[in-house]
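Engineer: Here are the chains, one letter per residue:
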Amino acid sequence: MAIVANQTRFGTYGRPVLAWVVALIFFFPIFWLVFTSFKTDADAVKPEHLLFFTPTLDNYLNMTENYDYWRFATNSVITSVFATVFALAVGIPCAYAMAFNPSRATKDVLMWMLSTKMLPAAAVLYPMTFITKSIGLFDTHFMVIVVLMLINLPIVIWMLFTYFKEIPKEIIEAGQMDGVNTWGEIKEILIPLAWGGIASTALLCFIFCWNEAYWTVRLTTTEAATLSKLIEGNRAPEGLFFGRLSAVSAAAVGPIVVLGWFCQKQLVQGLTFGAVK
Amino acid sequence: MGQIVLDKVTKSFGETQVIPPLDLKIEDGEFAVFVGPSGCGKSTLLRLIAGLEDTTSGKVLIDDEDVTQVSPSKRGLSMVFQTYALYPHMTVRKNIAFPMRMAGMSEQEQEAKIKAAAESLNLTDYLDRKPGQLSGGQRQRVAIGRAIVRDPSAFLFDEPLSNLDAALRVGMRLEITEMHKRMQTTMIYVTHDQVEAMTMADKIVVLQAGVIEQVGSPLDLYHRPQNKFVAGFIGSPKMNLIEGVEAEKQGAHTIGIRPEHVEISTTEGLWQGTVGVAEHLGSDTFVHIHGVPGCDPMTVRAAGEFSVSHGDTVYLTPNLALLHKFDDKGLRIE
Amino acid sequence: MSNRSLPRLLQTPAVILLLIWMLVPLSLTLYFSFIRYVLNNLRRPEWTTPSFSNWRGFGNYEFVLNSKDFLFAIQNSLLIVGSILFCTVIFGVLIAVLINKSFPGQGIVRVLLISPFFVMPAVNAVLWINMILDPVLGLQGLAVNGINDMIAGLRSTPVLGAFFSLWPEFEPISFRATQTSAYAVIIMVTWQWTPFAVLIFMTSLQSEDQQQKEAAILDGAGAWSQFRFLTLPHLGRPIAIVVMIQAIFHLSLYAEIEIVSRGNGNKNLPYLIGEFANNNIGAASATGIFAVILANIVAIFLLRMIGKTLME
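Chains as they are written, first to last, in the working numbering: chain R, 1 to 277; chain Z, 1001 to 1334; chain A, 2001 to 2312.
By construction, these hints were calculated from the structure, which means they are not laboratory data.
Take these hints with a grain of salt, some might be off.
Okay, the calculated bits of chain A under chain R, using three or more residues with CB under 8 Å as the criterion [unchecked claim]:
| id | segment |
| --- | --- |
| 1 | 2009 to 2019 |
| 2 | 2060 to 2072 |
| 3 | 2113 to 2119 |
| 4 | 2134 to 2142 |
To spell it out: a stretch of chain R is covered by chain A in this simulated footprint if at least three of its residues, at any positions, have a beta carbon under 8 Å from a beta carbon of chain A; those stretches are [claimed, not checked]:
| id | segment |
| --- | --- |
| 5 | 25 to 36 |
| 6 | 48 to 58 |
| 7 | 62 to 74 |
| 8 | 189 to 201 |
Since the model is a prediction, treat every value here as computed from it, not as a measurement.
Idealized CB from N, CA, C, for every residue including glycine.
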């Protein structure tokens, strides 16, 4: 009885308190980033203003002037949106074919697609630079979009495949009996039915594109540079611009963190390729 | 029109052949039932006719036209699935309208047909609901409604009643049979339940391991089963199959006698046994009897109430005129 | 067969795209790894264009294997990946078990906990190395100074002063040196990926058989025994998956290293490739092939595991 009573007491008070403490510790750096972003650059490095200071929005208002933020943000939006749209455009038909018309090779094809995701990007760094430069696509939106799409395509196909598999095969067959062609199956039945799964796949793909920090850094200089490139380029302020750097960083991650809250469940499925349910 | 012919059709999944070469003809307007134990290939056969599976070899003909390479949507058939396969994102109205919309029918025509179908299937009040808000029986009706509006040359039913509870099943069985009488359209119906087969069919096709064991009318199959398998499969309770001395007396390897063709008495008879279980249904009594040589337990059906209990000794007399005889290969001996 | 061929054709665009994406750059890497290829060389200008006439055989591989940096980069890669894996799995399991039962505010706790995972790597690194870990201006420096000041103040108190004067002056740790910057990377990546582990373990815990637990309670199992003999075995598979997925991601860790360690000698395999790629493409490519081999060792295990659950 004693043990049970103890457990209950821990369960009622200790567990929530401990859980909240842990959660706040983990969230603290993000909070601190936002908190610092309201300080002037001078205040941000003064210990006497660590907690008490006059908040200012200047860092946000001057983002364009200081960092040309909107240009990079626009690039991030353009490349992430288009990469996501193209990945879905290629991924939906592919996942449809695999889920509803599997052949003996389907499983191997899926595994192979996944394996392309596991190739270390660094291994092909120079060839990619070489190729993009020689066909004149270095530092272009088009190239960034293509690369972002390709690195996320395996995950997109896998996620869609696991969602599509949950749709009973009979419903697609009923559609065939009812006289729809292949395109109709996708448009009239599959997409409306799997709408939720497609949306979360798109969301996750968008997040991955937005945060990507290898190719976007290495394949761009100015024209197509994204927010990752912007932050990476301003990485070592040596205490000079903590305030404004915090503001631009917060502006770079804020939208994505909020988007991420909405798709945490799908994240598990997407990142473990359906192996954890 | 809706005559369906299978000509030397085979189906293999990889190395395993699930349907060896098979010929079958279903006449226009006929109600044909494919029946057999699970895994006998009856659903595969139906899906071959529907075009949802490709034949490995052989031909499928509908009204003398070779449709083997024709896609399911162009064969002019309708199908009702075991799981109903309604479109969960559409209302009942849209579900029923879907095949007509795909066929490019005019709005008015669609509306008229939906109205007619809904009335005949008692769905008028549910037209604007989604399938998720309907009961199993109602969903089944919607599936049938969706099949009817296409005016198909034949209806295909894939175990449509097996997800319903027992009471509803009997009701739907009657409705489908009556629908057939009214429409006179070819129907092919797959089931594992021999009662459904017996009650609904014009023609029963008994399948085992992809092979047709017998084709015939329900009473044909009941009175003259071609082999031991059909004998055991058709009829409820199952036919008693007796081997050994008693069978040899009749000049057969195996003899079969239906439970309703055995006289049961507490005083005298040809065979003697003890009662294991007596199931009292009121209208009938099924008695399971141990100790009859070559058949344990033997099931006997007595009309009305017959009071015996566990351990009682009873005597049995088969009606020899209704005895079925089979040779050592299990085939019927006339 | 005709019915199925069109739908099946729909996979071809994806397959072809991925095939090109995989084969073309990789075969170039393979090619470059066997030739002499540098971007600038005044004495041997012919080496600045890739050509079979500059064939070097396994020379680049030998060069890479003999360079001190390579061994260091491999060691460092393994140190960083290993430490991150160890920390994220331990923290992940503990936190997942902690927040699995429902309590007031569980939803908010989940949202707070998962947030670090969505922070872009570049921001993660900038945030930690400057605002938190900096020895002078970051929270770390400020905290250490605060403690020192406090101790200095306590030294003058009458009774305890003698005790506190024995205490040393604390030194803030600089995370910008070769070795310590690896620790900084470990800290920031652990912070970012622990939420991932928590999320996966929680998902898995929700599928744990509650009746089995109740049976165990009736059998007299305490909380620890339940955890040790039921929960931990149940988590075995998710742990393996978390380990492998992270291994693949972290073996190609780049932005954090680049931001934290520029010029101070700390490096991992991708960073080393980047360094080589500034001039010696042959060596960069040979290193890349080593990286591919390393990643494949992990990938084979992961793929096998996923393959088992596939098509179920």
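Engineer: Checked against the structure, which of the hints given earlier come out wrong?
Structural biologist: 2, 6, 7, 8
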